[in-house]
Amino acid sequence: MAVVEVQDLGPVSVITLNRPEKLNAMNLELRSELGRAIREFNANQGKRVAVITGAGRAFSVGADIASVSEDLTEDLRISFYPIYREIRFSPKIFISAVNGVAAGAGISLSLVCDLRLASKNAKFVTAFHGIGLAPDTGLTLMLARMGGSRFLERLLLGGEITAQEMAEVGIVRLTDDPLGEALKLSEEISKGPFKAYSASKRLINRAIFFDIEEYLEYESAMQGFLGKTRDFKEGVKAFLEKRKPEFRGE
Amino acid sequence: MSELNTVIAERIGNVAVVKLNRPDRLNAINMAMVYDLVEAFRTLSREREVSSVVVTGVGKAFSAGADVKEMVEMPLESVVREGHMPLWEAMRSFKRPIIAALNGVTAGGGLELAMACDIIIAGESARLGQPEINLGIIPGAGGTQRLTRTVGKYRAMELVLTGRLISAWEAYRMGLVYKVVPDEALLDEAIRLGREVASKSKFAVELAKESVNKALETTLQQGLDIERRNFYVSISSEDGKEGMRAFLEKRKPNWKF
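Residue numbers (numbering that gives the first Met the number 0), protein chains in the order written: chain A, 0 to 249; chain B, 0 to 256.
Some clues are possibly wrong.
Unchecked claim - Here are the simulated lysine to aspartate or glutamate pairs, EDC-like style, with alpha carbons at most 16 Å apart:
| no. | chain 1 | residue 1 | chain 2 | residue 2 |
| --- | --- | --- | --- | --- |
| 1 | B | 178 | A | 213 |
| 2 | B | 178 | A | 212 |
| 3 | A | 227 | B | 183 |
| 4 | A | 227 | B | 123 |
| 5 | A | 200 | B | 123 |
| 6 | B | 178 | A | 186 |
| 7 | B | 178 | A | 216 |
| 8 | B | 178 | B | 123 |
| 9 | A | 46 | A | 216 |
The set of hints was computed from the structure by calculation and includes no laboratory data.
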């Protein structure tokens, strides 16, 4: 089984993160397959809407800590950001169907899509601080702009956001069946005035994502130095040893 | 490299790092530092593997400028005859890219030193300006010239006439600094940039640097003429031919020069 499955439904593609036993943690292979799947979708003239979802009980728990990179700056710039850019700056519409937990870079993957559907039991866990890092993959910029001051505390200190809370500020739509709902929505969008939708997406990008490149350069430099701290090494070690980390603030 | 007292020179792969090292004096540039920097650049120009140089400061300043204490004691005649000129000459004739990594206060001669480099990156606590006016003097090594050509007359005038220091982000918006990064990541980012340049043909990088610099010294037509000639040189150079061939054959080029 491939780590990323693509289902072809005419103008619609369903892209499924498929490492259910690892809660769809994004290791290097998954990231490169996901990037390729999205690039192929974007290059296909006949395609209009992509649904991104996760196999099993999670959407994605984010970067795979078991295969953490030495150079987090490089990792973000070379491996993560191109995926998010392909989605955000695509003329096509992306829908995330969040079927369970989304953590770390998994939250960003759901938010960077144009429309977001989440099941009531889905939750969004900003897992970064637990390993001595700050939020990355554009999460702070996206969540602060979409959710206003409501989530700043969790962006600052880490924590969980329920699907209910995300729904209250309009970031996600709650549904019992995210994938089913996403497919219905996809069909409507692909039959609608697609050029108008695509143009509207570009206007949204000019309105709230015009400075994302500058932000990501800064963010990736920041994560690079946190990746060299003692607390990060301890955080990763503790995570892998399944114990509480002992942070020192250094 | 012979004994340097006011400067530390290190090598990280193909990138050289030159650190101004008078932290207790905010890396004020005195004559000893001028000659140490001249020596450092002379040595680096002979080291073929070095493809770019990062200049930064030890401690909390990049450089607060010329050493005022030393300057007031120097006879006018020796300032005129020599002063800091050897440093500016050494940097002007250095063919490979020099990256200034501003780690803190970058004022007066410190900003002039940064502007004598080819690319400026700043840590976000850096503060930049030409405060000479507060001492009843004016900038003497590019503070009214390179600054004006980079940020335009009206912003330069404000900086030079008020002596105000601006933040790294403000300098970024003026186009004086190409990128602002967290202080802790400054050196890594500067070296990363140096390594990126190191992956190109050294010969092409030298031609490109020379051409860009000419833009500030010539009329447009003269600059275009110089650029075109350097372009002819680049396409007939060995690295140029190899690079174009590699592009067509969809493979990585092997640079020789």
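Verification of the supplied hints:
1. B:178 - A:213: OK: residue 178 (chain B) and residue 213 (chain A) at ~9 Å, within 16 Å.
2. B:178 - A:212: With a Cα-Cα distance of about 12 Å, the restraint between residue 178 (chain B) and residue 212 (chain A) holds, given a limit of 16 Å.
3. A:227 - B:183: holds (10 Å)
4. A:227 - B:123: violated (19 Å)
5. A:200 - B:123: violated (33 Å)
6. B:178 - A:186: Measuring from Cα to Cα gives roughly 43 Å; hence the hint is violated.
7. B:178 - A:216: OK: residue 178 (chain B) and residue 216 (chain A) at ~9 Å, within 16 Å.
8. B:178 - B:123: Distance ~9 Å between residue 178 (chain B) and residue 123 (chain B) Cα, so the pair holds.
9. A:46 - A:216: Judged against 16 Å, a Cα distance of about 31 Å means the pair is violated.
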